[in-house]
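S.K.: The chain contents come next:
There are 2 protein chains.
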Amino acid sequence: MADRVTAAVLIIGDEILSGRTQDTNLNFIAKYLGTYGVDLAEARVVGDIKEEIIAALNVLRARYDYVITTGGIGPTHDDITADCVAEAFGVQLYEHPEIIAMMQSRWQGELNAARRRMARIPEGGSLVKNAVQGPPGFQIGNVFVLAGVPMVMRGMMDDVVPRLRTGAVVIAKTVRVEGAGEGVIAEPLAGLAKANPDLSLGSYPFFGPEGYGSNLVVRGRDAARVEATVEALIAALADIGARSITRIEA
Amino acid sequence: MADRVTAAVLIIGDEILSGRTQDTNLNFIAKYLGTYGVDLAEARVVGDIKEEIIAALNVLRARYDYVITTGGIGPTHDDITADCVAEAFGVQLYEHPEIIAMMQSRWQGELNAARRRMARIPEGGSLVKNAVQGPPGFQIGNVFVLAGVPMVMRGMMDDVVPRLRTGAVVIAKTVRVEGAGEGVIAEPLAGLAKANPDLSLGSYPFFGPEGYGSNLVVRGRDAARVEATVEALIAALADIGARSITRIEA
Chain A
1 MADRVTAAVL
11 IIGDEILSGR
21 TQDTNLNFIA
31 KYLGTYGVDL
41 AEARVVGDIK
51 EEIIAALNVL
61 RARYDYVITT
71 GGIGPTHDDI
81 TADCVAEAFG
91 VQLYEHPEII
101 AMMQSRWQGE
111 LNAARRRMAR
121 IPEGGSLVKN
131 AVQGPPGFQI
141 GNVFVLAGVP
151 MVMRGMMDDV
161 VPRLRTGAVV
171 IAKTVRVEGA
181 GEGVIAEPLA
191 GLAKANPDLS
201 LGSYPFFGPE
211 GYGSNLVVRG
221 RDAARVEATV
231 EALIAALADI
241 GARSITRIEA
Chain B
1 MADRVTAAVL
11 IIGDEILSGR
21 TQDTNLNFIA
31 KYLGTYGVDL
41 AEARVVGDIK
51 EEIIAALNVL
61 RARYDYVITT
71 GGIGPTHDDI
81 TADCVAEAFG
91 VQLYEHPEII
101 AMMQSRWQGE
111 LNAARRRMAR
121 IPEGGSLVKN
131 AVQGPPGFQI
141 GNVFVLAGVP
151 MVMRGMMDDV
161 VPRLRTGAVV
171 IAKTVRVEGA
181 GEGVIAEPLA
191 GLAKANPDLS
201 LGSYPFFGPE
211 GYGSNLVVRG
221 RDAARVEATV
231 EALIAALADI
241 GARSITRIEA
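Just so you know, the protein sequences line up as chains A and B, in that order.
Using the working numbering, you'd call the opening residue of the first sequence number 1 and step up by one each time.
Using the working numbering, you'd call the opening residue of the second sequence number 1 and step up by one each time.
Isolated chain A, as found in the complex:
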């Protein structure tokens, strides 16, 4: 898969690791990238610790086509993402005149030291538009630095995606089997997975008051191959006597 485009997400913030905040940014970014054929290949969560942010950033930006960070770009002392990104790239931070002008207009010139911190971006970086609230994010090299607040991060993604090299979109089709557990589905599923090494076949079991079964997902970049494999899967499930087999188109 020479045309595979990969990305990693680096979530920065003590509040995720302490459990104070339930992250939803990873899931949003994963789905958003997926619609453009960019594969989210790894994610990491680190605290507000300079050395750890820099180390994770340097590993991820070397390994994947793109890195998207969330969190740590506000004005407070624990917002150290910009400093870490600059250090990782070996460049200095500078106050971007466009952000300064925007903040001066918003706060009628009351730019204290904390607010000025948010105007800093690394040399060689470019701004990522913030259409929602507060100062912009930025891009340097293959790294995109976004806000942690979900509403703000989501808006920023609209200005990230047009900059990405996009790949062939992955098509996912789901077959829902009820009344048959993974223990009996596993064998036919494994057979199909082995016969189709370029496709990804996954099984996501469910059980509860409404019964049990599994959602079987076939993923791949070739629509015809995915469809053929879904049909083969349905036939194989019928062969093992699965009672209820439903295609989920959504």
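Hints should not be assumed to be uniformly reliable.
Note: identical chains are not told apart, hence a pair may lie in one copy or across any two.
As the list claims (entries may be wrong) - Subject to a maximum C-alpha distance of 25 Å in a straight line, what follows is the list of computed DSS-like cross-link-like pairs (lysine-lysine): (1) K31 with K173; (2) K194 with K129; (3) K173 with K129; (4) K31 with K129; (5) K50 with K31; (6) K194 with K50.
No lab work stands behind these hints, which were simulated from the structure alone.
Since the structure of chain A is provided, determine the placement of chain B on it from the hints.
M.R.: Chain B only, in chain A's frame:
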């Protein structure tokens, strides 16, 4: 902090990285560990790829006191966590007689190859009880291997926590400021953070139709120090003219 006890979470599964599933296990584990004074220090999400699971596992188990993995312990071909853990520890998998007996009783002896896969644990490992559904997880060394289905994972945590060396519990107190943005709060907050390097002071802004402001969180292991810092913070916020300052006890 010689008595600091640390843990990492390794989330294993294509479904998290594709965006199909919103992870909630990290947040649950973070909070659960927190109540026992164990600090979640890092988390990673990797796909169902053997080399990546092993590499992440080896880094994390060397760096932290404990590692908790979620996902990939079912019977299907993409459930490769047990294989990866065994390879990381350089040991073989074997069929645990207790799991075999449990499964024989449940399925009246119908133990096909797929189901037998779930009975495998690494040599030297011990079982982690599954009180909810399906086969147990396992522990080997400082690594705990749990299910990915949240309901099952949560039950398993009850059998993990008694095995952990616990630390001094972190006390977190929150002060909610309304009508004052981070830009004006940042300076007094940074002053208090600098004066109390053993405490963690965080700012989590909010804004929306109901107004704007920030939740300021003081975290530390010494209750008296946390309380004194909360009081100093409230005084500092009053000094800068913040209009609405509320302690949130929850």
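S.K.: Which of the numbered hints above does this structure break?
M.R.: Hints 2, 3 are the ones this structure does not satisfy, whereas the remaining hints hold.
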